[in-house]
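Novice: Each chain, written out:
Protein chains: 2
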Amino acid sequence: MVEKVSVGLLGLGTVGSGVVQIIDHHQDKLMHQVGCQVKITKILVNDVTKKRDVYLNGTRLTTDANDVIDDPEIDVVIEVMGGIEEARNYILQALRNKKHVVTANKDLMALHGSELLAVAVENGCDLFYEASVAGGIPILRSLVEGLSSDRITKMMGIVNGTTNYILTKMSQDGREYDEVLAEAQALGYAESDPTSDVEGLDAARKICILGTLGFSMKIDLEDVSVAGISGVSKEDLDYGKQLGYEMKLIGLASRMDDKVEISVQPTFIPLSHPLAAVNNEFNAVYVYGEAVGETMFYGPGAGKLPTATAVVSDLVEVVKNMRLGVNGNSAILPQFEKKLKSDREILAKYFLRIHAKDQPGTFAALTSLFSEMNVSLEKILQLPLKGNDATNAAAEIIMVTHAASKKDYEMVLMQLNDLDVVDQVKSSYRVEGEEQR
Amino acid sequence: MVEKVSVGLLGLGTVGSGVVQIIDHHQDKLMHQVGCQVKITKILVNDVTKKRDVYLNGTRLTTDANDVIDDPEIDVVIEVMGGIEEARNYILQALRNKKHVVTANKDLMALHGSELLAVAVENGCDLFYEASVAGGIPILRSLVEGLSSDRITKMMGIVNGTTNYILTKMSQDGREYDEVLAEAQALGYAESDPTSDVEGLDAARKICILGTLGFSMKIDLEDVSVAGISGVSKEDLDYGKQLGYEMKLIGLASRMDDKVEISVQPTFIPLSHPLAAVNNEFNAVYVYGEAVGETMFYGPGAGKLPTATAVVSDLVEVVKNMRLGVNGNSAILPQFEKKLKSDREILAKYFLRIHAKDQPGTFAALTSLFSEMNVSLEKILQLPLKGNDATNAAAEIIMVTHAASKKDYEMVLMQLNDLDVVDQVKSSYRVEGEEQR
Numbered sequence: 001m002v003e004k005v006s007v008g009l010l011g012l013g014t015v016g017s018g019v020v021q022i023i024d025h026h027q028d029k030l031m032h033q034v035g036c037q038v039k040i041t042k043i044l045v046n047d048v049t050k051k052r053d054v055y056l057n058g059t060r061l062t063t064d065a066n067d068v069i070d071d072p073e074i075d076v077v078i079e080v081m082g083g084i085e086e087a088r089n090y091i092l093q094a095l096r097n098k099k100h101v102v103t104a105n106k107d108l109m110a111l112h113g114s115e116l117l118a119v120a121v122e123n124g125c126d127l128f129y130e131a132s133v134a135g136g137i138p139i140l141r142s143l144v145e146g147l148s149s150d151r152i153t154k155m156m157g158i159v160n161g162t163t164n165y166i167l168t169k170m171s172q173d174g175r176e177y178d179e180v181l182a183e184a185q186a187l188g189y190a191e192s193d194p195t196s197d198v199e200g201l202d203a204a205r206k207i208c209i210l211g212t213l214g215f216s217m218k219i220d221l222e223d224v225s226v227a228g229i230s231g232v233s234k235e236d237l238d239y240g241k242q243l244g245y246e247m248k249l250i251g252l253a254s255r256m257d258d259k260v261e262i263s264v265q266p267t268f269i270p271l272s273h274p275l276a277a278v279n280n281e282f283n284a285v286y287v288y289g290e291a292v293g294e295t296m297f298y299g300p301g302a303g304k305l306p307t308a309t310a311v312v313s314d315l316v317e318v319v320k321n322m323r324l325g326v327n328g329n330s331a332i333l334p335q336f337e338k339k340l341k342s343d344r345e346i347l348a349k350y351f352l353r354i355h356a357k358d359q360p361g362t363f364a365a366l367t368s369l370f371s372e373m374n375v376s377l378e379k380i381l382q383l384p385l386k387g388n389d390a391t392n393a394a395a396e397i398i399m400v401t402h403a404a405s406k407k408d409y410e411m412v413l414m415q416l417n418d419l420d421v422v423d424q425v426k427s428s429y430r431v432e433g434e435e436q437r
Numbered sequence: 001m002v003e004k005v006s007v008g009l010l011g012l013g014t015v016g017s018g019v020v021q022i023i024d025h026h027q028d029k030l031m032h033q034v035g036c037q038v039k040i041t042k043i044l045v046n047d048v049t050k051k052r053d054v055y056l057n058g059t060r061l062t063t064d065a066n067d068v069i070d071d072p073e074i075d076v077v078i079e080v081m082g083g084i085e086e087a088r089n090y091i092l093q094a095l096r097n098k099k100h101v102v103t104a105n106k107d108l109m110a111l112h113g114s115e116l117l118a119v120a121v122e123n124g125c126d127l128f129y130e131a132s133v134a135g136g137i138p139i140l141r142s143l144v145e146g147l148s149s150d151r152i153t154k155m156m157g158i159v160n161g162t163t164n165y166i167l168t169k170m171s172q173d174g175r176e177y178d179e180v181l182a183e184a185q186a187l188g189y190a191e192s193d194p195t196s197d198v199e200g201l202d203a204a205r206k207i208c209i210l211g212t213l214g215f216s217m218k219i220d221l222e223d224v225s226v227a228g229i230s231g232v233s234k235e236d237l238d239y240g241k242q243l244g245y246e247m248k249l250i251g252l253a254s255r256m257d258d259k260v261e262i263s264v265q266p267t268f269i270p271l272s273h274p275l276a277a278v279n280n281e282f283n284a285v286y287v288y289g290e291a292v293g294e295t296m297f298y299g300p301g302a303g304k305l306p307t308a309t310a311v312v313s314d315l316v317e318v319v320k321n322m323r324l325g326v327n328g329n330s331a332i333l334p335q336f337e338k339k340l341k342s343d344r345e346i347l348a349k350y351f352l353r354i355h356a357k358d359q360p361g362t363f364a365a366l367t368s369l370f371s372e373m374n375v376s377l378e379k380i381l382q383l384p385l386k387g388n389d390a391t392n393a394a395a396e397i398i399m400v401t402h403a404a405s406k407k408d409y410e411m412v413l414m415q416l417n418d419l420d421v422v423d424q425v426k427s428s429y430r431v432e433g434e435e436q437r
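Chains as they are written, first to last, in UniProt numbering: chain V, 1 to 437; chain L, 1 to 437.
If we strip away everything but chain V, and leave its shape as in the complex, we get (with noise of 0.2 Å):
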């Protein structure tokens, strides 16, 4: 049996400390899991005289790849550098060599994930990354624990940050978008360029890895349908929360059969739903099956510590793995051929808030143009128009459907524009989590 194990880092920037730090402080207890001495050896890094601020119990640090991921002597390659195509080169190269690999890396688990799993399979290595989706919660550990005994149908996933502690202060305090989003570019909680969160391409990553883990099926990022929340309103969230709901930038895959949907999309929520009470920027990934019914993860989704401690859980994963023998067993290649919903088979139900004149006929020409596309209302409310947007329209409407098909229901939102009652369609939004609980 396996009675020592080496470690190489490709990269040592925040995450990289973090883990140098928590296997160092946590040596002992490390030892006392796995039955086995785990040492890193050596880190791949841009600069080797650069200063750093963790100690380095005189592990060699190198700028050259090669130095890490061909050397015999390690056993494991963790990969916390960052970008898509040298990482996935690394990689792939560490598990031609036989050597497992654990990476933080969402962007490249998205786009290569299957083929580095298949390498991994192929050579009888572990590939864990467990880090990339909602760095502090243990989110893919349990759908694969969950999965050995369960099936799971639906994963509703609050996992970036930036979009949700958007949403929370404009739901919280009442304001707008634009205000909220310079005020966290201001405190360093948002990008500069903020594009890959606040329109969903984050989130997409993320459900695409959660997606394919989840229903064994190779997901591709292409067949995420992303909206992202810039386009959301303080006056959404206002007639959303007089309707019990609240605003979340949610990542779904839904499951009915054997086939699929995977979306990214601004999402009322049932003020009641846990969900609804994330907040700020914390991340949950609500997930349900068959067996154990509806259970949910939440906690920090990024940040040094709770990134690095995801990190060392799988290493640990590993080691356990390569003492046991079982290596290359636990990386779950996609079993079943991804067949994804059609439009006329996603039902959901739709929140809808349009400007149109307030006067006799107008309620009629809505309501039959809604029953003749086959889709009903649950909800009404209409109030009178205030402000500056009161100029031909004079009535405020929000309606939230019943589950109707994602087709019919498009067909309504085309077919309004015509409508010589309505000014202007406002919005629209996917509205989940009111099943029976």
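Hint data in this document are derived by calculation from the structure and do not stem from the laboratory.
Take these hints with a grain of salt, some might be off.
Given that identical chains are not distinguished, each listed pair holds provided it fits within a single copy or across any two copies.
As a list, the in silico BS3-like pairs of lysine-lysine whose alpha-carbon atoms are at most 27 Å apart [unchecked claim]:
| hint | residue 1 | residue 2 |
| --- | --- | --- |
| 1 | K218 | K304 |
| 2 | K154 | K50 |
| 3 | K241 | K169 |
| 4 | K341 | K406 |
| 5 | K98 | K154 |
| 6 | K357 | K341 |
| 7 | K241 | K379 |
| 8 | K154 | K29 |
| 9 | K29 | K339 |
| 10 | K218 | K98 |
| 11 | K341 | K98 |
| 12 | K154 | K379 |
| 13 | K406 | K98 |
| 14 | K169 | K349 |
| 15 | K241 | K357 |
| 16 | K304 | K154 |
| 17 | K29 | K338 |
| 18 | K234 | K426 |
| 19 | K169 | K339 |
| 20 | K357 | K379 |
| 21 | K218 | K29 |
Given the structure of chain V, go ahead and fit chain L onto it with the hints provided.
Specialist: Relative to the frame of chain V, chain L by itself:
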């Protein structure tokens, strides 16, 4: 390395049948995870002739416990029979026979956990009990994994489904305790003698187990300060909501430096806190770790398949450890001497509701008592008294304190009754969850 594992089951009730079913249905997946075959070979039952609704696949049934626990072929004993003395003796005997043990028995673990774990370690055996706290939530494993690279400072758990169901119905439907309890009993959600649930004893056992594990300190059931929900009124919930709180029965374990507090009590939680949205019979445990920050685990607290899933996940761990040769390491024996906080050292916020005379001087008398005792007030709500209660007293006064020592606060409570202006202290509750998040 171990190539085949035989399991003996003590008990074939709801959970036992679930375990048999899961192992039968997921044989392949299990083997994939642990790298060897796992088979239930004998089951202790009361009646071997009774018809069972689970496929036993030729497994031998016996009414003689020694047939299972003394069988040299059996490697792992799963105890799902319940009760205390008999279960304790069987488990002790199994451990002394060098068999690993998985149990779902919270009463047993709360009372005799430390003794059983010590005997497990003496004999180099594993003793796992994930199913004993919040069946469908992998909370004990998460604590153990978290502990290997973190330090837990506080846990707040909604760990009793019956009381959470009652409080949810009272809060959502504005109904009184007695009425909701009677309905819960009629529906089978509450026992005909509900004492253990509604007086907080069941929750006390669970927080005792969580505290012992999370703080690595032998917490005894007597160390848990316990209050139940039978005195909670609809008015309390209404006024709490006006001030932004939801009421939950919270099992609390918190630590400051090397001293701990363990308690169970009806507690007001801010409406925006994730615990406030844990409704009906769901359980959740909110954990504060120094490295990872705040995490929450949410799911079903009981039920055949959730609980059996937890038992099987423990079995998987045992088998992995057998093949790793690290059994007995995972049984975390309390490492630190128990030091309980005194009432002077327990700092908390409180919600207090009193009936007082609506006359000049009332507020002066109240506030001078509070300030004399070093308890300062954060929120005050005064309303005219309505209905039957309007005898002498005429004002309903609700106050929320800033953090105060429990000792000082209890002095205030005692002396309030002596004030002329106070008619009656109606209720008093702890407030938690308002740390900066």
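Novice: Against each hint, give a clear statement of whether it holds in the structure.
Specialist: So, going through the hints one by one against the coordinates:
1. Taking the closest pair of Cα atoms, K218 and K304 never come within 27 Å of each other, the shortest separation being 30 Å inside a single copy and 32 Å across copies.
2. For the identical chains of this complex, K154 and K50 are neighbours neither inside a copy (47 Å) nor across copies (38 Å), given an alpha-carbon limit of 27 Å.
3. When the C-alpha separation of K241 and K169 is checked against a cutoff of 27 Å, the pair qualifies both within a copy, at 14 Å, and between copies, at 21 Å.
4. In this assembly of identical chains, K341 and K406 lie within 27 Å of each other by CA distance solely inside one copy; the values are 10 Å within and 58 Å between copies.
5. Proximity of K98 to K154 under the C-alpha cut-off of 27 Å is found in neither arrangement, the shortest distances being 35 Å within a copy and 42 Å between copies.
6. Proximity of K357 to K341 under the C-alpha cut-off of 27 Å is found in neither arrangement, the shortest distances being 37 Å within a copy and 66 Å between copies.
7. When the C-alpha separation of K241 and K379 is checked against a cutoff of 27 Å, the pair qualifies both within a copy, at 13 Å, and between copies, at 25 Å.
8. Within a single copy, K154 and K29 get their C-alpha atoms only as close as 36 Å, which misses the 27 Å cut-off; across copies the closest is 21 Å, which meets it.
9. For the homomeric pair K29 and K339, the shortest alpha-carbon distance between copies (23 Å) is at most 27 Å, but the shortest distance inside one copy (44 Å) is not.
10. When the C-alpha separation of K218 and K98 is checked against a cutoff of 27 Å, the pair qualifies only within one copy, where the shortest distance is 24 Å, while the shortest distance between copies is 44 Å.
11. When the C-alpha separation of K341 and K98 is checked against a cutoff of 27 Å, the pair qualifies neither within a copy, at 38 Å, nor between copies, at 53 Å.
12. Within a single copy, K154 and K379 get their C-alpha atoms as close as 25 Å, which meets the 27 Å cut-off; across copies the closest is 42 Å, which misses it.
13. For a Cα distance limit of 27 Å, the shortest separation of K406 from K98 qualifies neither inside one copy, at 47 Å, nor across copies, at 59 Å.
14. In this assembly of identical chains, the alpha carbons of K169 and K349 lie at most 27 Å apart whether taken from the same copy (25 Å) or from different copies (26 Å).
15. Proximity of K241 and K357 under a CA criterion of 27 Å is satisfied intra-copy only: 24 Å inside one chain copy versus 38 Å between copies.
16. Taking identical chains as interchangeable, the C-alpha atoms of K304 and K154 lie at most 27 Å apart only when they sit on different chains, with a minimum of 21 Å there against 30 Å within one chain.
17. When the C-alpha separation of K29 and K338 is checked against a cutoff of 27 Å, the pair qualifies only between copies, where the shortest distance is 21 Å, while the shortest distance within a copy is 42 Å.
18. Proximity of K234 to K426 under the C-alpha cut-off of 27 Å is restricted to the intra-copy arrangement: shortest distance 12 Å within a copy versus 41 Å between copies.
19. For the identical chains of this complex, K169 and K339 are neighbours neither inside a copy (38 Å) nor across copies (41 Å), given an alpha-carbon limit of 27 Å.
20. Taking the closest pair of Cα atoms, K357 and K379 come within 27 Å of each other only inside a single copy of the chain (19 Å); across copies the shortest separation is 45 Å, beyond that limit.
21. In this homomeric assembly, K218 and K29 come within 27 Å of each other (Cα to Cα) only across copies, at 20 Å, whereas the closest approach inside a single copy is 37 Å.
Hint compliance for this structure: hints 1, 2, 5, 6, 11, 13, 19 are broken, all remaining hints hold.
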